Amino acid sequence: MSFRERLQSWRYNLVPDHVVGEILTKRWTDNAIPFLALVATLATFGSIIPGFFKLTALQESTRQLGEFSMVVTGMTVVMLGGGIDLSVGSIFALSCFSAVYVFFILEQSVWLALAASLATGLIFGAINGYLVGYLRLRAFLTTLVTFIFGRALFDILVTTYAADVQLSTATSDVLDFIGDSTFWGLSVSVWLAIILAIITHIALTRSRPGWHVLAVGGSRRSAHNAGIRVRRTVFMTYVFSGFCASIGGFLIACRLSGAGPGTGLNLEIMALTAAVVGGVSLGGGRGSVIKGLMGAIIVLTMTNGLIRLGYGTGTNQMVLGIMLAVAVTIDIRWLKNRHKVLNEVYVAPVYLKMGETQSAAPGSGTPYELDNRLSAANHIGLGELEGPEDVILDRADNLYCGTRHGEIVRFFAPDYVRSEVFAHIGGFPLGLAFDKSGNLISCVGAMGLYSVSPDREVKRLSAETSRSWTSIVDDARLRDPNDCDIAPDGRIYFTDSTKRYDAHDWALDSIENRATGRLLVYDPKDGSTKTLLDGYRYTNGVCMAHDGKSLFFAESWACRVHRYWLEGPKAGTAECVIRDMPGYPDNINRASDGNYWMAWLGMRTPSFDLSLRHPDMRKRMTRRLPQDEWLFPNINTGGVVKFNEKGGIVEAMGDLTGGAHPMVTSMREHKGYLFVGGILNNRIGRYKISGADPNWTSPASYWGAKP
Amino acid sequence: MILDPVLDLFRGKAVTIPPLDGAFRPNTRLDDAPAFAELTEPDNLLVSGDRLLASSGNVIHSVAAGATPTVVETFPSPVTALAMSPSGELAVGLESGKLLVAGKEVSLPAEILCITALAYAEDGTLWLANGSAEHAPSQWAADLMKKGASGSLWKRDAAGGDFRKVASDIAFPYGLHPLGRDVLVSESWRHQLVRFDGATGSRSTVLAHLPGYPSRLSPSADGGAWLTLFAPRNRLIEFVLQETHYRQDMLSQVPPAYWIAPALASSRSFLEPLQCGGIRTMGIHKPWSPSRSYGLVVRLDQKLQPQFSLHSRANGTRHGICSVAERDGRLFVASRGGDCILSVATGGF
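Taken in sequence, the protein lines are chains A and B. Residues 46 to 752 (the numbering used here) are what the first sequence spells out, left to right. Residues 12 to 360 (the numbering used here) are what the second sequence spells out, left to right.
Among the clues, some could well be false.
[To be verified] Partial list, derived from the structure: chain B residues whose beta carbon lies under 8 Å from chain A:
1) D168
2) R246
3) F250
4) Q264
5) Y269
No lab work stands behind these hints, which were simulated from the structure alone. Predicted, not measured: the structure shown is a model, and the values here were computed from it. Think of the CB as a built atom: it goes at the ideal place given N, C-alpha and C, for glycine as much as any other residue.
Chain B on its own, in the form it takes in the complex (with noise of 0.2 Å):
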């Protein structure tokens, strides 16, 4: 109405987010698909030849079907990020700010302290997501809640040389998609997909208004992408997020665990937040209701608009996904809430 500007100043903006309608249309997939693995937090998955490694802390795994993971190697501090040239090098981004190429460490700008992914384009050129200048990569809640727009992107061309930042103040750039010599980036706590020009680092938003926080990108088979969304947004925390003194008060009062913010996994303490319709009523908690967590992974066409969604709702337990990985008709999917690695048969959607 045309009156509502004046008097949202009596009665308070509503606080809104884009519903899962569409392509984000709820199912239950995540949750019916079967453990392929079980992993604790496993993070990023990696397609090498036939094998499928997947970091979990300090360690990167191999997994396959039917077997126990493998430890393939130990890190010092936990992997954050893991990519594979073109040439079959492994590079390693742990939480420390340490990249490890080939086992080789490269030596980093002072400014990335918090690699949050890495990706190979096709030429070799590796490109690098520093999520915030100011939080390491565990502390993304931190990063989020403070409202941290200090991200940045870097690429290393494959000749060699120094990384080189090609932009900055991103709101936590938390997956990479090289398309040719651009990147396609997600910028989490926009809530959206950006391509970035390799050359000039001009910046254009591809998906906005996005349902959840996304996270990593990868490749799907038929030339689109896989976008997975850590976190579904909420609109307790997007209102908190305006409320200054009470966020910060959180910030330094309450244990980082017990935040009125994003989350892998939830319910898993009764010190944690409750929303009203999150209350089990009757020996239900119901789907729809608001949730910290959530399991989304969305598939991308080749004009990397949504085509479909693959959901673990409210009540569902393969949450806080952060990667996905597709090898032969299959999708492998890291649910760091759920403690589990999901394979899924791409040919049924």
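One chain only, chain A, in its complex shape (with noise of 0.2 Å):
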């Protein structure tokens, strides 16, 4: 092994590349982005300004910062909505003059003013609400016309009345404690905030109104086709904002003590800018109230801190805008190429060395070597069937088999032309076996194990074993169970061929090479699942020794296959017994004659080989190339091989025109005949084996002659 070689081992074998692909997958990775924003404003501002975390500056902060995010809160909800609302600054600005107006001119209590102030809000939240809500309007344009004319309405009371409040002589215990005081250290303001925080946050994520803003904001058409009130949920968001906002309003007449022309300028770009820089998304349906948090942490220690530095308003402004411009962009790229990126690095190949091979080439004279007998099959539900991956049968010689669609589908002894679908599952269904008193045990792709009585009851056997201490995505979940078997105890072993694909995208995973293929064992006695082994390169094929006393799995990309002991000295551990095919082994099933039947799915090519010594080649491939254009494993050629039980080949066919079975992935001895099956074919074949014997059947094999 040359040096660069053994260095290419080390890097892709050691390095975990796969943890960033199955970060990407979570959905708290669109969080990250606005974290990091946020730990860097406050780093930079933190270590600029001298005293920047100091107590008292803090307080003052996290009063506007209580009153903001409030704001924000409102507007995320509406933007969550698929909306947008302009106007929180006036909303905001008028409910504060409605409390001053109620407290220090008419002087009234402060929970009358606080009411003022409330219904200023929900009043112009209303109005918001109905014109883009239920008369659907646009929101940008509507809500800018509500925000010039409560503006302008404001400035006006504003200059009507500012001498008259100044003059007021009204005072209230309640509104200085509101205004000025703390509570276990928090202000008042930063309380109200969290808590409606909190209750948003709880009411987004675990309520049904909040799910129908969701909904809607994702998707107005599918929302309404689903049932969800679209329009009153739309006005209902527009008066939750007009809500938050007054209560900010209040909160801030009750810390100035007034009104004045500068009370929530500029407010509804700082609230919107908020809102985006924390990562809600101007589309609707993406983000949370804690992104819009983070957004207003971030603003307001960035406006703050411009203006301690010494910087004017235009400089403010000019930030704000850039911010927004720059979280827009990051939103849509991101938004728009977020699967792309999680496509380029999902796939992270690791380095293998396959072990030299003998030649399966016809004329070659090895055991392995490759014929045409298998095109001489008959065909089964040719052009009616897809995807027959595994194929049984009954003792009545009826013949099962999964396709693609999710059914099982029956066909009639004896000459097998009349068909039925026995029973649909769902997902993609593989492996099949039955069970002592004539269940259907099959391993359904993406699912799990289901069994299926001889009335066609479909039930649930298992989806999950036991979580794995270090892993990233859940791996309890079975993502691509495979072939199953079941002990003369009743207990059904079974694999997990991969934990880093879904069952569809089976074949991508011989790209990456990972060896994340898992045997489990289901006991029906308590229902439970337990992982047996762990750690194989794509587990497939179980086949029950015809001794009951140990099992064989087929390891499909590494070429080998295992035997697993049930019972004696070595129970509980498992030996490679047949290592460096020329073909990568799928199904296992018995033979008459007290040997192994064994299905190749493709071939091992020289190419393909030599690309998994250079993970980085393949890398590189999946990143550059589409996938159609990838290098796989030649599997348009397979074949059916017998070993015994020691792991001898006996012998091999094959089709080699890949006319009829190009890919085979299962067969099964019944009384003289081999029914083939493939995961990728549209027939099931019937081949006559010469000598076999003509009673022998699966099921008596496992549970005896006759029930």
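Hints in hand, dock the two standalone chains.
See below:
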């Protein structure tokens, strides 16, 4: 092995590249960018401005933050519902004035002032909501109009009553408490903001109205089709935004004991920037209250920091504008390209040097030598079937197979012309086995282990095992259950081929070649599922040995067959019995002569074997080429191989023309015939085996001559 | 997008090839055409009077409709090029690097070892394409995968004398089409047709970005030309050409028949590389799937622009077309991958 190759093997087998892709599949990675921005902002201003984190300075900032984050929370909800609210600043100002007017000029109680504030906010929110939600006007223009109107009204009122407010002598302890005091170290406005944020968060993530808002924002039409009252939902988001702004207005009225021309000025731009910078999507449906709050902190830190550094309003506005532009760009590009990034980084190939193999080429004279015998097989269900991965026969000679439509199809003996859908499960039914009482057990790709009773009742047996400690993506879920077999005591041994790819992407796993296949056991007595073995390269076929004391299982991408001992001195351990085959093994089943049939789903090619030693090349291939152009193992030629109890190869047959059975994923011997299935084929083959026991059947071999 | 060059550093630059569109729009004309004659790997076609000559291995056959091909002449090594002079002399290039004109060996400069094409101009000048300075014609795949560009263009005046080098550093010249004093050369590894000035040897690109590897050219009745493309461009192959370490290991450790390289025929052995799109699904091999071999003949008009083309797609068998010949309103197409010669009426296009 050259030095370069050794470096490659270390680089790609020891560095866990796949973790990056798995982390990116998580929804919370959306929060990563705003969070980093938050940390960066705090760190920058904290280090530039001395005493930035001092308690007194923080106290003032947090009061402001409390009011501001309320407005942002309202804005977030509107944006999640697919709208935008530019009038928050004027609602905030008017609510502030309402409170001031009621308290200072009318000299009423604080609580009445609060009520006036809230009423102002709710009325303006309702106007917005009615125009946008029910009359379906454009949110941007409508709220712009409300904003201009509200601001003008506020300016008139402030100039008219400014002197009266100044002269008022009204005081209240409650007002001072709300405006100036702290409670457990935090000011009232911060407490209120936190409470509001928590309630809103819970409502959005865990309540029906909250889900409706997200659904409407995500797709208005789909939400409508799903029966959600879209107009009312939109209306309510604006009302909520008005409500939030009005509380903010009331709080600032308490804090400043008055209202001035600067109250709520440019607040809408700041709130919008905060929400977008935090990662709330402008398109609606994506975002959270937490993101809004992060954005609020970033924006407020930035503006206050700039002011304290001595920059004027102009600079501040400029910075806000730039932040908004950058955030909008990132938001749109990220949303659009996230799945592309994920696609490009998800496949993380590892290094593997395959062992030298014997040739399977015709004329090579090895036991693996393939011939053309399978092309002589008769067709069953040609053109009707799609994807019979596994085939099985019952005691009455009827033939069953799964299809890629999630059905189990039954062909009736003796001629297998007539067929019916025996059961619909969904997913992709793969491996099949009959248990002692005649239930059909199936490994269903992307779903789990299922049982179909003779009277067609479908029951889920298992869909998860225990999660491993180091997993990032939940590996308790069965991703690609592939084949199963049943021990004499009724326990079902089955394989889950990969933790990295879903069932329909099974072939991609060969490019990556990461060892994540498992052997599991389901115990029907207590319904538990246990992982027996982990870390194989695509575990596939399972077959109980004739004596029931051990089982064989195939490790496809490593071209090996292992034996797992159920009892005896080696119980619970696995040993490799066939290694370095020239083909990729799939299902394994019993043969009538005491040997075992093994399907080959494809053949090793020198170019692909070489690429396994060049993981960097495969990685670049997955990034630079579309999937249709990727180098694959040659899965256009398969075969059927018979091996004995000790792992010795008895014979091999194939269809080298590729016309009838290019890829073979399963075979089942029954009364002298071999039934052949293929996951990408459109037929089942029926091949007469010369010299086979014409009375031997699989159910009798497993469960005795008669039930 | 403006950021693409920066992003490419992280995500890898996409490997792209020209689409089969316009004049190259796919059809199944080559697969629909009846076989005119069965012959193992027919390479060069040549019209000689009323006979059609075809080279196959060491032998030149005479092919006629409805009759088995008859042997005209057998040579000690495979025939790699044929041409007929205006006076009726047959020029034959051999794998061993020898050139025979009218049965007599012509002495060649030592540099010429890979005769891939021969053509006579109307005035009797003999043009000779030397595909590579390092490989014999049958080792063309190695030349491509080693990124060879050591081919050269030679000519001998009608009056006789020695061959004179007109141009060098050509990436596998594989076809010749004299145009008055100049010559049109198919530069295979660069997927382009280049016109060389007969006097100065200066080059000008006539047709670039071809969707395949161009091979021999032959005249058409109306003054244009027929261009054959013996293999398609394939994004995986172009990717492997950029992968130095993998490619070198492949050249040294994998038998040439199983390389990730263009081929004259494919899907004959399970040891050949397979691409995802080429997987047989539900009994179907998709005709648009990526393939190492393809059948493609292109008609060029008098301005040497492509007009239309004849195809055998990924699921077809008439692949690896290296030579065509037109006579009396019929186009004869030699398919090396399909082991047959086709006859197509030119009037139907």
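Hint check:
no., hint, result
1, D168, "violated, 47 Å"
2, R246, "holds, 5 Å"
3, F250, "holds, 6 Å"
4, Q264, "holds, 6 Å"
5, Y269, "holds, 5 Å"
Hint compliance for this structure: hint 1 is the single one not met.
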